[in-house]
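Following the hints, put chain B in place on chain A, whose structure we already have.
Those protein sequence lines, which keep their order, are chains A and B.
Residues in the first sequence are numbered consecutively from 37, following the numbering used here.
Residues in the second sequence are numbered consecutively from 37, following the numbering used here.
Since the hints were derived computationally from the structure, they do not count as laboratory data.
Just so you know, not all the hints are guaranteed correct.
Since copy identity is lost for identical chains, a pair holds within one copy or between any two.
[To be verified] Calculated pairs, DSSO-like style, for lysine-lysine (alpha carbon to alpha carbon, straight line, at most 30 Å): (1) K375 - K239; (2) K274 - K296; (3) K74 - K239; (4) K213 - K229; (5) K274 - K229; (6) K275 - K239; (7) K239 - K213; (8) K239 - K296.
Since we're looking at a predicted model, the values are computed, not measured.
2 protein chains.
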Amino acid sequence: MSTLRRDPIVGRWVVDTDKLEPLSTTLQKLGNISAFPKCPLCRGSEGDTPPEVFAIRSDGSKPNTPGWEVRVIPNFTAAMRVEGNLNRRPELMYDEMDSIGAHELVIGSPEHFANLVDLPEPQIAKIFRAYINRLRDLKKDMRLRSIFIYGTYGKRALLESLPHTHSHIIATPVTPKLIKEQYVGCRTYYEYKERCVYCDIIKQELRQGKRIVTENDGFVAITPFASRFSHEIWILPKKHSCDFENSPESDLPWMASILKEILTRIRALLGDPPYNLALFNGPNRNGREGYWLTIEYDYHWHIEIMPTFTRPEGFEWATGFYINDTTPETAARRLREVKL
Amino acid sequence: MSTLRRDPIVGRWVVDTDKLEPLSTTLQKLGNISAFPKCPLCRGSEGDTPPEVFAIRSDGSKPNTPGWEVRVIPNFTAAMRVEGNLNRRPELMYDEMDSIGAHELVIGSPEHFANLVDLPEPQIAKIFRAYINRLRDLKKDMRLRSIFIYGTYGKRALLESLPHTHSHIIATPVTPKLIKEQYVGCRTYYEYKERCVYCDIIKQELRQGKRIVTENDGFVAITPFASRFSHEIWILPKKHSCDFENSPESDLPWMASILKEILTRIRALLGDPPYNLALFNGPNRNGREGYWLTIEYDYHWHIEIMPTFTRPEGFEWATGFYINDTTPETAARRLREVKL
Numbered sequence: 037m038s039t040l041r042r043d044p045i046v047g048r049w050v051v052d053t054d055k056l057e058p059l060s061t062t063l064q065k066l067g068n069i070s071a072f073p074k075c076p077l078c079r080g081s082e083g084d085t086p087p088e089v090f091a092i093r094s095d096g097s098k099p100n101t102p103g104w105e106v107r108v109i110p111n112f113t114a115a116m117r118v119e120g121n122l123n124r125r126p127e128l129m130y131d132e133m134d135s136i137g138a139h140e141l142v143i144g145s146p147e148h149f150a151n152l153v154d155l156p157e158p159q160i161a162k163i164f165r166a167y168i169n170r171l172r173d174l175k176k177d178m179r180l181r182s183i184f185i186y187g188t189y190g191k192r193a194l195l196e197s198l199p200h201t202h203s204h205i206i207a208t209p210v211t212p213k214l215i216k217e218q219y220v221g222c223r224t225y226y227e228y229k230e231r232c233v234y235c236d237i238i239k240q241e242l243r244q245g246k247r248i249v250t251e252n253d254g255f256v257a258i259t260p261f262a263s264r265f266s267h268e269i270w271i272l273p274k275k276h277s278c279d280f281e282n283s284p285e286s287d288l289p290w291m292a293s294i295l296k297e298i299l300t301r302i303r304a305l306l307g308d309p310p311y312n313l314a315l316f317n318g319p320n321r322n323g324r325e326g327y328w329l330t331i332e333y334d335y336h337w338h339i340e341i342m343p344t345f346t347r348p349e350g351f352e353w354a355t356g357f358y359i360n361d362t363t364p365e366t367a368a369r370r371l372r373e374v375k376l
Numbered sequence: 037m038s039t040l041r042r043d044p045i046v047g048r049w050v051v052d053t054d055k056l057e058p059l060s061t062t063l064q065k066l067g068n069i070s071a072f073p074k075c076p077l078c079r080g081s082e083g084d085t086p087p088e089v090f091a092i093r094s095d096g097s098k099p100n101t102p103g104w105e106v107r108v109i110p111n112f113t114a115a116m117r118v119e120g121n122l123n124r125r126p127e128l129m130y131d132e133m134d135s136i137g138a139h140e141l142v143i144g145s146p147e148h149f150a151n152l153v154d155l156p157e158p159q160i161a162k163i164f165r166a167y168i169n170r171l172r173d174l175k176k177d178m179r180l181r182s183i184f185i186y187g188t189y190g191k192r193a194l195l196e197s198l199p200h201t202h203s204h205i206i207a208t209p210v211t212p213k214l215i216k217e218q219y220v221g222c223r224t225y226y227e228y229k230e231r232c233v234y235c236d237i238i239k240q241e242l243r244q245g246k247r248i249v250t251e252n253d254g255f256v257a258i259t260p261f262a263s264r265f266s267h268e269i270w271i272l273p274k275k276h277s278c279d280f281e282n283s284p285e286s287d288l289p290w291m292a293s294i295l296k297e298i299l300t301r302i303r304a305l306l307g308d309p310p311y312n313l314a315l316f317n318g319p320n321r322n323g324r325e326g327y328w329l330t331i332e333y334d335y336h337w338h339i340e341i342m343p344t345f346t347r348p349e350g351f352e353w354a355t356g357f358y359i360n361d362t363t364p365e366t367a368a369r370r371l372r373e374v375k376l
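Same shape as in the complex, but just chain A (with noise of 0.2 Å):
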């Protein structure tokens, strides 16, 4: 059994196991991933993948079958499981808990392509969909207070283990320190100002427009203020909304449409980086009251893209500090530059 662990000092969780196989190790055992055709992400591998959870079908083919347009799965190798109860216990001095949770995989189209953008609008736009449809079905689940979307693209990163393009949905009893802060900044400013830092921030740079990148009816991308990476992207709602699963259907082209984009123009501008993309969601208010239920109105959900041309150095990740060698200004205006 995994174990959720609390840092004693800055009150981080993590997972701590023995038992999580290495994904590129339970990969090996399913045949040579670096020789293809045996990707079992893949159309017909259907098999060699644990059972779906959910799948986009518009022809009516029947569950781990081809046929399917987005498959959602289990993770291979899951650090969380969802059955059982928390169990929140002290450990001596420290505190833990059971490792709850569930790890999905989004495998974002049937065809081997290894990156986002090489997939046309409609298919992103149904990624888009199938996040929706587990995000709503994951929050059904009182236990999960924070459920969160990431995926790593590009051709080197995780890539190199599984390239087929494919996203993360990871949904953890506690809420992850770095995403409650981004709550907790967002409710301190509300109080404060009464109004969403997000929605100011969409003005303020809708008005000086040195940091927009790019911009449709319902999304604008902007390198942010304080960028942390090289031509850091953030891609935000421009109507306030804390909750991505709420986004009106016809919100999803226009979501499509400037993730391609904007990927479009990073690989132009860039060559091709790896780069991660997370989406930030409210947290899962089901259940719960008190602190978490008054910040309903506070939240603004959205993605932020990093290409990683370096790892982060010692020195960022251990403090925090970043160190980014081109302003965001300049990242933005060489990316508006781009020619599409």
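For chain B alone, coordinates are given in the frame of chain A:
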């Protein structure tokens, strides 16, 4: 002029600059680093570096000539400079200041060793002595609130660009976010328990034994309860001390000895992985009043060592929620069992 910018949501400070040349570019100008012998950090290359700010020279040799044992120079390309005023100011709704600070390189040996573990114990003790000297000097500057020491070693990592054992001293006019969280965590624990949290950890770990890697008269090395990384190790002084630079001279051999032992155990067990080493120290209280002064006795300086087998996934740096595939109990047992 580089600026220090504050993230408006979580309060993280970032140096954003367009003028910073990557270290690898600077070094390429100095000559082809991969074609030795023309390492700018070796004995005899003193003219290829910025003039030294400190050196240990037992032979009475002159600055910027051979004869040094440990040498401290300003970094080749610094994101911060010492001259000037902070000029704290608003930038519309945001906050920024000039990027005042110091970034120094501590060259660990005149010989071309890449890895700290290859240095003899007395040489490692001299590196600690150099840190103490620099900390005492930098803490006289009331603008500098935080001084952080770190290094990256091993056969991959940054060494590809500069494979000569060195570490960094970074002094900043703001307290980096994750360091501040340690201070606040210590303070909170102290207010509740009237004891230092690190002292409590040491006492409990020594009694229980299962996360102890090794100890000597001055220090204990543990795998922390909520380890973020596989085989993460903390080295803590047994006697409570907030400020590393106040360490008695008699502690330096113990310090060097436990560090060399830990690095030797890591290399023997794990096959010479790259690793980060960070020295977390108390804040600069010189000329400061109020809050920081009150925590004078709460913090407990220590060293953290993180072997870096994998780069942190997008998930981990975006959320601060880590998944570690080796429990600290297993890691400590394996490290203890190494035959030296």
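Verification of the supplied hints:
{"no.": "1", "hint": "K375 - K239", "in the structure": "within (26 Å within a copy, 63 Å between copies)"}
{"no.": "2", "hint": "K274 - K296", "in the structure": "within (18 Å within a copy, 55 Å between copies)"}
{"no.": "3", "hint": "K74 - K239", "in the structure": "neither (49 Å within a copy, 53 Å between copies)"}
{"no.": "4", "hint": "K213 - K229", "in the structure": "both (24 Å within a copy, 23 Å between copies)"}
{"no.": "5", "hint": "K274 - K229", "in the structure": "within (19 Å within a copy, 47 Å between copies)"}
{"no.": "6", "hint": "K275 - K239", "in the structure": "within (11 Å within a copy, 53 Å between copies)"}
{"no.": "7", "hint": "K239 - K213", "in the structure": "both (28 Å within a copy, 27 Å between copies)"}
{"no.": "8", "hint": "K239 - K296", "in the structure": "within (23 Å within a copy, 55 Å between copies)"}
When each numbered hint is compared with the structure, a violation occurs for hint 3 only.
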